[in-house]
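J.: The whole structure should be built from the sequences, with the hints applied where relevant.
For the record, the sequence lines run as chains A and B. When we follow our numbering, the leftmost residue of the first sequence carries the number 1, and every step to the right adds one. When we follow our numbering, the leftmost residue of the second sequence carries the number 113, and every step to the right adds one.
A hint or two may mislead.
[Claimed, not checked] Each computed SDA-like pair below joins lysine to any residue, with the alpha-carbon atoms no more than 25 Å apart:
hint: 1; chain 1: A; residue 1: K35; chain 2: B; residue 2: K140
hint: 2; chain 1: A; residue 1: K35; chain 2: B; residue 2: A149
hint: 3; chain 1: B; residue 1: K503; chain 2: B; residue 2: K893
hint: 4; chain 1: A; residue 1: K48; chain 2: B; residue 2: L134
hint: 5; chain 1: A; residue 1: K56; chain 2: B; residue 2: E130
hint: 6; chain 1: A; residue 1: K35; chain 2: B; residue 2: G155
hint: 7; chain 1: A; residue 1: K35; chain 2: B; residue 2: L134
hint: 8; chain 1: B; residue 1: K751; chain 2: B; residue 2: G700
hint: 9; chain 1: B; residue 1: K146; chain 2: A; residue 2: P41
hint: 10; chain 1: B; residue 1: K893; chain 2: B; residue 2: S978
hint: 11; chain 1: B; residue 1: K733; chain 2: B; residue 2: E776
hint: 12; chain 1: A; residue 1: K35; chain 2: B; residue 2: Q139
hint: 13; chain 1: A; residue 1: K48; chain 2: B; residue 2: L158
hint: 14; chain 1: A; residue 1: K35; chain 2: A; residue 2: F9
hint: 15; chain 1: B; residue 1: K459; chain 2: B; residue 2: N436
hint: 16; chain 1: A; residue 1: K48; chain 2: B; residue 2: K140
hint: 17; chain 1: A; residue 1: K48; chain 2: B; residue 2: T156
hint: 18; chain 1: B; residue 1: K834; chain 2: B; residue 2: P286
hint: 19; chain 1: A; residue 1: K48; chain 2: B; residue 2: Q139
hint: 20; chain 1: A; residue 1: K60; chain 2: B; residue 2: L134
No wet-lab data here; the hints were simulated from the structure.
Residue strings, one per chain:
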Amino acid sequence: MKGTHLGEFEELVLLTIGILNDDAFGLAIKEELTKQTGRTPMISAVHKVLVRLEDKGFVKSHMGGATKERGGRQKRLYILTSDGKTAINRSRELRNKMWGSVPQVVWEGGKG
Amino acid sequence: MLRLFRWFCREELSEAVEGDLLALYEQKRLRMPKFSADIWYFGTVLSFLQAFAIKRRKSSSKTSLNPFHMFTNNLKSALRLMRKNGSYSAINVLGLATGLSAVILMSLFIVDELSYDRFHKKGQQIIRLSYRLETPNATRRVAKLPFPIKQQLLANYSQVMQVARFYYWSGDSPIIEYGDQKNTEEGVYFADSEVFELFNFKFLKGNPATAFSDPRSIILTEKVAKKYFGDEDPMGQVIRYKNEDDLVVTGLIEDVPRNSHITFDILVPIELQRQRWLGWGTSTYDLEKDWNWAAAWTYVQVAPETNLEELVSALQAIANEHLNTPEQSGFYIEAQPLFDIHLNSDKSAEPGANGSMVQLYTFGAIAVLILLIACINFVNLAAAQANKRIKEVGLRKVLGARRHELLIQLLIESLMLVLISSITAVALAYVSLPYFNTFMNKSLAITATHIPYLLALTALVFTIAALSGLRPSIAAIRAGAIQGLSDKFNASKSNQRFNKSLVIGQFVVCNLLIIGILVIHNQLNFLQNKDLGFDKEGMLLLRHGRYLSLSEYDAFEVKLGQMSKVKNINRGYVAGTSSFTNTFKVVGDENEDTYSLGIKWVGKGFTDMFNLEVVAGINFKENGNADGTEVLINAAAAKALGWTPEESLGRRLSFKPGGARQPEEQLVIGVLADANFESLYDPVLPSIFKRPNNHVGGQVSIKLANTRDLAATIGEIEREWKEVKPDFPFEYSFLDQQIEAQYIKEERLASAINYFALLAIFIACMGLFALASFAAQQRTKEMGVRKVLGASVSSLFVLVCKNFLWLMVIAFVVSAPLAYYLFGLWLQDFAYRVNIGMEVFVIAAGGSFLVAILAVGSQSLKVANSDPVDTLRYE
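T.: Written as structure tokens, this is what we have:
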């Protein structure tokens with residue numbers, strides 16, 4: 001196991017999967033990410049992260065839901081595992097803790 | 113596009129990604145033209161070319177194998193196989209190795225021939241000028257031009273950057289003396305100092321620019337310097353030339369490379385010859401002003417991007433002004449690139465024996481053919497092997513071997529054979545190179561420069577052999593395991609047909625070579641035994657006879673006349689050597705036609721000496737004729753002039769002897785029978801025989817009464833020579849040997865073809881042998897059944913042989929017309945040639961049949977003799 005560290009883009013993708021809940025597949029994730037963050041990631045980048053997240057055990061996937069505009073191809077739908085949920089939570093906690101540790105003066109001193 | 117994607121993408125990913133891609137593509141199509149959407153699509157697919165998406169070859173579903181872990185095993189089984197099939201493997205390796213070594217030798221030869229003169233750095237820019245003389249009855253191309261052309265070229269032609277000349281006369285053989293050493297040197301060439309500018313003859317000592325500034329200078333090659341000076345420094349030493357002039361050594365150069373079309377041991381300035389003939393100022397003959405004597409090989413460095421054709425047509429002005437005269441026109445100046453001289457020259461008076469493209473092609477063709485035969489062998493043997501190994505392959509399959517693993521195994525086996533063969537081939541070539549050099553008169557060596565080339569050759573053979581060896585193996589692998597194990601599998605019909613046609617191909621080549629040997633052998637025999645029309649036996653030529661003064665010769669003649677072992681002695685033209693030609697006109701002919709006829713200045717008793725018959729008219733009188741204007745002509749000359757021998761008597765011919773101002777008239781008093789004095793390549797040269805009234809200079813020839821006790825006879829003659837001419841060494845040669853030397857090129861070609869043809873036949877036989885034994889094996893059971901049913905041994909023998917003999921018949925039918933055509937072409941070069949008779953074909957056919965029966969017969973006999981109890985037993 002590669003450890004539980006989360007990259008920034010990985011974290012965003014995990015959150016997007018959470019947002020989309022039951023309908024998280026490659027293209028939908030890409031579009032939601034664009035809507036939420038204004039970024040336009042390559043579709044391959046999205047899939048790359050999905051594969052890695054699945055390897056790390058943060059998401060799991062199953063096939064389902066063929067539609068016409070997809071040329072009859074099935075979607076691979078991703079959902080968060082409990083490990084995944086723990087990982088984003090821990091990530092948020094880590095951030096919050098660190099936010100709390102930054103002295104007030106940094107924000108108000110205006111020296112930098 | 114999707115196929116590309118699917119090809120590289122992992123299966124579990126592709127479905128979903130494809131869906132995304134298609135959906136995205138549809139979105140894009142709504143917003144942009146198809147073309148842009150396609151581009152985007154393509155780019156996106158490529159963006160998936162990342163580690164996460166690409167198929168994992170050894171994915172968890174299959175056992176991951178180390179591709180090399182079977183390697184040693186494969187090697188081991190290949191070695192075991194070789195040991196088990198000892199004779200097959202030996203035949204295979206031997207065939208390929210001998211074939212390959214022959215190819216190596218031949219290609220060394222070809223590479224060497226092609227390398228001639230390439231070491232001259234300015235070679236691309238150098239041309240050699242020569243002339244062509246067109247007369248009504250002949251066209252002559254001569255490689256030399258008169259000396260004064262050099263000034264003309266330099267003065268009048270801007271394209272000419274530099275001119276350098278060589279001059280050499282083989283009869284000159286000057287005597288070189290230093291200290292107590294005194295020898296005749298053969299390789300003394302005259303040269304301009306410009307030769308060192310044009311050509312890259314490497315100076316070890318001395319300055320090329322100033323070496324020839326004094327006419328009394330001499331440049332030695334290392335070889336000669338070592339001979340005269342040993343380890344001493346030759347520079348500045350004085351060498352005596354022709355017993356007259358003292359020359360100072362002003363340069364030491366490396367020996368001329370073997371691949372130079374012009375080869376010399378010693379160089380002296382042309383100015384030396386000029387001054388000697390000018391008597392160092394006391395005489396008037398100046399070779400630099402003599403336009404009548406074409407003596408110098410003239411090399412020109414032309415300016416870059418000169419158009420040769422334009423230059424040649426411009427040069428014609430020189431020919432028109434100085435060479436063409438009212439009496440003799442038809443001279444044309446020709447030019448040829450330096451690099452063409454060795455292989456593409458058809459001129460007379462070349463500085464050395466040239467190679468020929470024909471020979472090169474012959475060798476190349478033989479090399480390719482031998483390689484072909486060797487490779488065919490390989491294929492056929494592999495086919496025989498593969499059929500035997502069906503069972504092994506089947507069992508391996510049952511045990512789980514995959515197709516590509518079997519392929520690798522078989523590939524390793526054939527590569528090992530090729531590798532062993534290649535190593536053996538190089539070793540063989542290395543060992544046989546000295547012999548090859550001897551009979552090709554070359555000094556080839558396998559050096560470091562050849563290594564990449566040898567590697568390339570080996571790689572080529574590797575590929576050919578491996579691929580050809582694989583063909584049958586693949587068939588074996590394709591067959592199902594059950595099929596292989598069930599004993600039902602046999603080489604398919606098409607496979608057998610393929611192998612048979614290969615055998616036919618081999619024997620077509622063999623037949624060609626056998627016929628080639630016979631034709632060349634016949635032709636050479638014919639040339640050597642052909643009655644030349646004159647007596648050449650026991651004829652001794654003295655090398656320095658030319659230097660005898662009149663009185664010295666008379667004294668020598670009297671002395672030798674007293675010796676019982678000497679039958680005759682003569683001075684003047686010697687039959688069987690080349691001679692001069694001149695232009696003649698018939699006196700009283702209104703058309704003023706000119707004829708190019710040979711002219712031979714003969715001495716007293718010439719006709720007796722060489723046993724020539726006068727067919728019409730009379731011979732010369734014993735002591736010459738009063739005014740010396742009477743001549744004999746030969747029958748060929750009479751014919752060329754349009755007369756019968758009788759008609760020609762009393763006619764008058766006129767010509768201008770070299771140096772004379774007025775034409776001289778000659779009266780024909782007799783006609784000699786034709787004798788072929790020159791090469792048998794050419795028909796008899798129409799010739800005039802002139803007998804000067806007072807004396808004739810030139811060669812001295814001695815006819816011995818018999819050739820018994822040769823050493824003693826020659827010893828006696830030498831004693832007399834020492835008395836008469838002590839300052840010239842006594843050196844001699846035999847006429848018949850000298851004539852035979854003309855055909856050395858054919859002899860070499862013949863011996864080379866002999867060896868290589870034998871080799872080819874040998875290799876082909878080995879292949880046939882292997883094939884026969886394979887066929888015999890396949891039919892063991894059949895033979896057993898036939899025997900049980902009452903077939904006799906002889907009928908079985910015939911049955912097995914028959915198949916192969918059919919192949920021989922087809923091969924012969926194919927090769928006979930081909931051979932007839934090819935060797936007919938070769939014979940066309942000779943004026944006198946044998947016919948390709950029936951006997952040649954009969955012998956060739958008989959030979960190849962015999963060989964085939966020997967190769968096939970033993971196997972057939974073995975099968976025919978085998979005990980049916982053994983062959984039919986089944987357990």
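J.: For each hint, tell me whether it holds in the structure or not.
T.: Here is what the structure says about each hint:
Between A/K35 and B/K140 the alpha-carbon distance is near 18 Å, which keeps this suggested pair within the 25 Å criterion. Pair hint A/K35 plus B/A149 holds up; C-alpha atoms about 22 Å apart against a cutoff of 25 Å. Between B/K503 and B/K893 the CA atoms are separated by roughly 18 Å; this keeps the pair inside 25 Å, and the hint holds. At most 25 Å may separate the alpha-carbon atoms for a hinted pair to count; A/K48 and B/L134 meet this at roughly 18 Å.
This hinted pair checks out: A/K56 and B/E130 have alpha carbons roughly 24 Å apart, not beyond 25 Å. Restraint check for A/K35 and B/G155: satisfied, since their Cα atoms lie roughly 23 Å apart, inside the 25 Å limit. The straight-line distance between the Cα atoms of A/K35 and B/L134 is roughly 21 Å, inside the 25 Å bound, and the hint therefore holds. The suggested pairing of B/K751 with B/G700 holds, with an alpha-carbon distance near 18 Å, which does not exceed 25 Å.
Distance restraint check for B/K146 and A/P41: the Cα-Cα separation of roughly 22 Å lies within the 25 Å cut-off, and the hinted pair is therefore satisfied. This hinted pair checks out: B/K893 and B/S978 have alpha carbons roughly 10 Å apart, not beyond 25 Å. Proposed proximity of B/K733 and B/E776 is supported: the alpha carbons are some 20 Å apart, at most 25 Å. A hinted pair counts as satisfied when its Cα atoms are at most 25 Å apart, and A/K35 with B/Q139 qualifies at roughly 16 Å.
For the hint linking A/K48 to B/L158, the alpha-carbon distance of about 13 Å falls within 25 Å, and the restraint holds. Among the hinted pairs, A/K35 with A/F9 is consistent with the structure: their alpha-carbon atoms are about 15 Å apart, no more than 25 Å. Between the alpha carbons of B/K459 and B/N436 the distance comes to roughly 20 Å, so the proposed pair stays at or under 25 Å and holds. Under the criterion of a C-alpha separation no larger than 25 Å, the hint pairing A/K48 with B/K140 is consistent with the structure, at around 22 Å.
The straight-line distance between the Cα atoms of A/K48 and B/T156 is roughly 13 Å, inside the 25 Å bound, and the hint therefore holds. Taken as a hint, the B/K834 and B/P286 pair is honoured in the structure, with Cα atoms around 18 Å apart against an allowance of 25 Å. Of the pairs offered as hints, the one joining A/K48 and B/Q139 holds, with about 22 Å between alpha carbons and a cut-off of 25 Å not exceeded. Proposed proximity of A/K60 and B/L134 is supported: the alpha carbons are some 23 Å apart, at most 25 Å.
Hint violations for this structure: none, all hints satisfied.
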